[in-house]
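Asks: Here's the letter readout for the chains.
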Amino acid sequence: MDAIADPNFKHQGNKPGSVEESPSLLTVIVDITPQLWTEFDLKNGKKDSILDVLKALIVFLNAHLAFNTSNQVALIAAHSQGIKYLYPKNKADDDEISSKNEKEDRDLFIISKNMYRRFRNVDETLVEELYMLFKEEEQSIGKVTQKSTLAGGISAALAYTDRITREMETISLKSRIMVLTCGSDKGNRDEVFQYIPIMNCIFSATKIKCPIDVVKIGGSKESTFLQQTTDATNGIYLHVTSTDGLLQYLSTAMFIDPSLRQIIVKPNKGSVDFRTSCYLTGKVVAVGYICSVCLCVLSIIPPGNVCPACDSEFDERVIAKLKKKPVVPRLTKRKSANHVSKK
Amino acid sequence: MSADHLRHSVNQYLEELPQPVQIRLYESPATCLAIYRLLPQLAKFFMMSMVFNENFILLRDLDRWVKSNGKLQFQEAIKSLKSLHLITPKKNENGALMIGLNSTFRESFKNALTGGQVNNSFGVVIESDSIAMDILNEYSSSKWETILHFMVGTPMASIPSANVLNLLKNSRLMEETESTAEFKITNEGFQFLLQEANAQIWTLLLQYLKMAESFQMDPVDILNFIFMLGALEVGKAYSTKELSDTQQNMLKDMRDYGLVFQKNADAQVFYPTNLAIMLTSDNKNIHRTASNALDSVVQKNKEGAATESAGTMGDDLDDVALQGQPIQDGALIVETNFKLYSYSNSPLQIAILSLFVHLKSRFANMVTGQITRESIRTALTNGITAEQIIAYLETHAHPQMRRLAEENLEKKLELDPNTKDTLQILPPTVVDQIRLWQLELDRVICYDGSLYSDFENSTEFNLLSKYAQDIGVLLWKDDKKRKFFVSKEGNSQVLDYAKRKLNKK
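Chains S and Z, in that order, are what the protein sequence lines are. Take 1 as the starting number for the first sequence in the working numbering and just add one per residue. Take 1 as the starting number for the second sequence in the working numbering and just add one per residue.
Only chain S is shown next, with the shape it has when bound in the complex (with noise of 0.2 Å):
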């Protein structure tokens, strides 16, 4: 049976380390809350900064589209009411504007008429329902606005990446996401409160192997629960403070495939900040209490003595244990008026 090793069976198998082409599908969430950009444009002395990123991200799902003939793209906005999905659009709404408005040609003078016809659908599309968007956002001016949409972009696009690889299963569709957010000046108020979904929305990435980048435009360089995402789902977290030369970076760091990480070095550096956020006050903590029944982490002792997360009651003596101040030693009776008054 010397024959066995013959050549024939030398080119068995692909080559090692060989980058298997497939499709894949990109989902965008683009943060568009009015209030957010307008703080960067003051910020800045600029004018309409979100322009120039709708732009930018148009042209990125061009050259994602360019990337292979069979790669996919969705893009869902984040604004102060609420999601919606951008592209693809939803047949049923789809119906009710074309009765309303034959089509709206005077905002699609921008884009060309002899494009590519799968960047044109796409664009034209997009240009046409960011339109309608802002026009909503103009009515809901002084409305009370919505937390945490932000996180639910995410999960909205979990949702659509599952259902879409599942449908296209013969051709084994790879995915990822990327968030693009601006950061706000006013420390990371709003991102606490996010902390529970984005959470889930990591294990569930996890578990679908979709990677999750994340693009934070202006604002502190920290964003402590998207970079943990990104840590946790094998993404790309980047920070830039301006606009300018979005497209690049865009076109560089966003631009690695799924098939591709395996061999490139990631765009990351330094420390990601593990902290968690307290249940009740939504502060980061660094040390904190923990409920040993759920484990929900708490910067304070919870009152009536409750998990405020699962409703076991804890033990008062135990309470009364953790409440107990440090005892000082008294060595002399000035140093210890000094303790007190610290306190």
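Treat each hint with caution, since some may be false.
Said to hold, decoys possible - Okay, the calculated beta carbon distance ranges per label pair:
| no. | chain 1 | residue 1 | chain 2 | residue 2 | range |
| --- | --- | --- | --- | --- | --- |
| 1 | S | Val265 | Z | Asp496 | 51 to 61 Å |
| 2 | Z | Ser244 | S | Asp48 | 42 to 52 Å |
| 3 | S | Asp162 | Z | Lys67 | 27 to 37 Å |
| 4 | S | Ala320 | Z | Arg403 | 56 to 66 Å |
Claimed, not checked - Straight-line C-alpha distance at most 25 Å; calculated PhoX-like pairs for lysine-lysine:
| no. | chain 1 | residue 1 | chain 2 | residue 2 |
| --- | --- | --- | --- | --- |
| 5 | S | Lys46 | S | Lys174 |
| 6 | Z | Lys67 | S | Lys266 |
| 7 | Z | Lys420 | S | Lys207 |
| 8 | Z | Lys501 | Z | Lys481 |
| 9 | Z | Lys412 | S | Lys209 |
| 10 | Z | Lys411 | S | Lys207 |
| 11 | Z | Lys481 | S | Lys174 |
| 12 | Z | Lys241 | Z | Lys263 |
| 13 | S | Lys55 | Z | Lys110 |
| 14 | S | Lys174 | Z | Lys412 |
| 15 | Z | Lys501 | Z | Lys483 |
| 16 | Z | Lys169 | Z | Lys184 |
| 17 | S | Lys266 | Z | Lys79 |
| 18 | Z | Lys499 | S | Lys174 |
| 19 | S | Lys207 | Z | Lys412 |
| 20 | S | Lys89 | Z | Lys263 |
| 21 | Z | Lys420 | S | Lys209 |
| 22 | S | Lys135 | S | Lys46 |
| 23 | Z | Lys411 | S | Lys174 |
| 24 | Z | Lys71 | S | Lys174 |
| 25 | S | Lys209 | Z | Lys67 |
| 26 | Z | Lys411 | S | Lys209 |
| 27 | Z | Lys71 | S | Lys266 |
Keep in mind that the hints were calculated from the coordinates and are not lab data. Nothing here was measured: the structure is a model prediction, and the numbers come from that model. Just so it is clear, CB atoms sit at the ideal spot from N, CA and C, and this is done for glycine as well.
Given the structure of chain S, go ahead and fit chain Z onto it with the hints provided.
Replies: Just chain Z now, with coordinates in the frame of chain S:
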């Protein structure tokens, strides 16, 4: 994979074009887009990072970007970019190698992406005109299948046009027997039949290009037209006015292959078909757009409600594309006992399968058969290789086989993340056996060399044969008969040695 093979052959053709021709090609945005898609993945990534960056960048920086396990692909990517002259090298003042994107390509590609000046390279749509999808599908598949049927030799009335016959002859897929003037399929022809549809079309088109050069047609015009066809949208009408004379002539030939449809020969419009779209896509699955997928769900929901279903009947052309999609035609299952089930009803698929499978029975939607030693041997003697059969079986495997294989691999990876196993879609017994059957045919191996015989005593024999063995040129020896055989390359060494040793005594 045959898709790789296809890429390779198209890329090779492009690489062999002289540089001025390549540069002229890059003037068309549609062509740039198609060429970009043909590149290796890593090359595409590098290109994209350079398109919006006017500066030259250090080659070393690109290299640093790739982890050590991807160096092979890195070399491959750079090589293909260089041979297509897509990047221009330059030395900076420190002597380090810098590269930049070809400026013509950069401009055209940028225009393709942003929808700038595209110069009608993506075709001119005539909105008022349209055509039903089923007419197009029927037309393209009847044209194309006529060609394939003719090659397989199915007895039937229609014979492809003279142009097509000429092309088949020139590409040596078929040959004309002199005595009867009948066409006979060649070994290459058999191999051709096992390829995927887009690879087949490209094989013919590449041949077309070679022939066209002898007719003084401009390859740039032809390639631009081919790549444009791949970027069009099925079901739309396109104007012929913008085409050059060469391209107008080509339309007739493309009609013969079923790539485009025209209502009559002098029509001012043409309609691309599904086959044309396949030219620039890897997957034989003609892409369904995401919105289509979304629609299909909506559609299903609607159909669930019986009252509404009547209303939705008329509104969707996409239906045609969706129905055929879930399982590709000809999906087949191979069992470990060499039984094969193919879910196909098309005579063509069955004819191709019968090239290497012993078919047993045919049902309404499937055929069953057995892979036997005889059936494989007939295929092998026809010039089909074991690798081709295996590749065909793999690409046509039923989605369920693929899923099963993926699950198995995942389980293995969980147990041992370093496992070297690759995805095994087909049962390994069948794959090995097909290879073994091929090996059976190569029993005799020829070597050039010299036979040493008639030794006077065994010490002389032992001395020389041992030396030959030590330097690794001994191919065969027989101690009893005192004979041994040495390969051609080693013969002079053994002779020298014999002269030195034996003359001394």
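Asks: State for each hint whether it applies.
Replies: Hints versus structure:
Checked against the given bound of 51 to 61 Å, the beta carbons of Val265/S and Asp496/Z, roughly 55 Å apart, stay inside it. At roughly 43 Å, the beta-carbon separation of Ser244/Z and Asp48/S lies within the given 42 to 52 Å, and the hint holds. In this structure the hint that Asp162/S and Lys67/Z lie 27 to 37 Å apart at CB holds, the actual value being about 29 Å. The given range of 56 to 66 Å is respected by Ala320/S and Arg403/Z, whose C-beta atoms sit roughly 58 Å from each other.
For the suggested pair Lys46/S and Lys174/S, the alpha carbons sit about 38 Å apart, so the restraint of at most 25 Å is broken. For a cut-off of 25 Å, the pair hint linking Lys67/Z to Lys266/S stands: about 10 Å separates their Cα positions. Using a Cα cut-off of 25 Å, the hinted pair Lys420/Z and Lys207/S holds, with the two alpha carbons roughly 24 Å apart. Using a Cα cut-off of 25 Å, the hinted pair Lys501/Z and Lys481/Z holds, with the two alpha carbons roughly 22 Å apart.
A hinted pair counts as satisfied when its Cα atoms are at most 25 Å apart, and Lys412/Z with Lys209/S qualifies at roughly 17 Å. For the hint linking Lys411/Z to Lys207/S, the alpha-carbon distance of about 15 Å falls within 25 Å, and the restraint holds. For the hint linking Lys481/Z to Lys174/S, the alpha-carbon distance of about 65 Å lies beyond 25 Å, and the restraint is violated. For the hint pairing Lys241/Z with Lys263/Z, the CA-to-CA distance comes to about 16 Å; that is within 25 Å, so the pair holds.
Taken as a hint, the Lys55/S and Lys110/Z pair is honoured in the structure, with Cα atoms around 14 Å apart against an allowance of 25 Å. Only pairs whose Cα atoms come within 25 Å are accepted, and Lys174/S paired with Lys412/Z is accepted, the gap being roughly 21 Å. Annotation: proposed proximity of Lys501/Z to Lys483/Z holds, straight-line Cα distance about 18 Å (limit 25 Å). Restraint check for Lys169/Z and Lys184/Z: the C-alpha separation of about 10 Å stays at or below 25 Å, so the hint holds.
A distance of roughly 23 Å separates the Cα atoms of Lys266/S and Lys79/Z; the hinted pair therefore holds under the 25 Å criterion. About 68 Å separates the Cα atoms of Lys499/Z and Lys174/S, which puts this hinted pair outside 25 Å; it is violated. Of the supplied pair hints, the one linking Lys207/S and Lys412/Z holds, its CA atoms being roughly 18 Å apart against a limit of 25 Å. A hinted pair counts as satisfied when its Cα atoms are at most 25 Å apart, and Lys89/S with Lys263/Z does not qualify at roughly 34 Å.
Among the hinted pairs, Lys420/Z with Lys209/S is consistent with the structure: their alpha-carbon atoms are about 21 Å apart, no more than 25 Å. Simply put, Lys135/S and Lys46/S have alpha-carbon atoms about 22 Å apart, close enough for the 25 Å limit, and the pair holds. Between Lys411/Z and Lys174/S the alpha-carbon distance is near 19 Å, which keeps this suggested pair within the 25 Å criterion. About 23 Å separates the Cα atoms of Lys71/Z and Lys174/S, which keeps this hinted pair within 25 Å; it holds.
Taken as a hint, the Lys209/S and Lys67/Z pair is honoured in the structure, with Cα atoms around 21 Å apart against an allowance of 25 Å. Distance restraint check for Lys411/Z and Lys209/S: the Cα-Cα separation of roughly 15 Å lies within the 25 Å cut-off, and the hinted pair is therefore satisfied. Only pairs whose Cα atoms come within 25 Å are accepted, and Lys71/Z paired with Lys266/S is accepted, the gap being roughly 16 Å.
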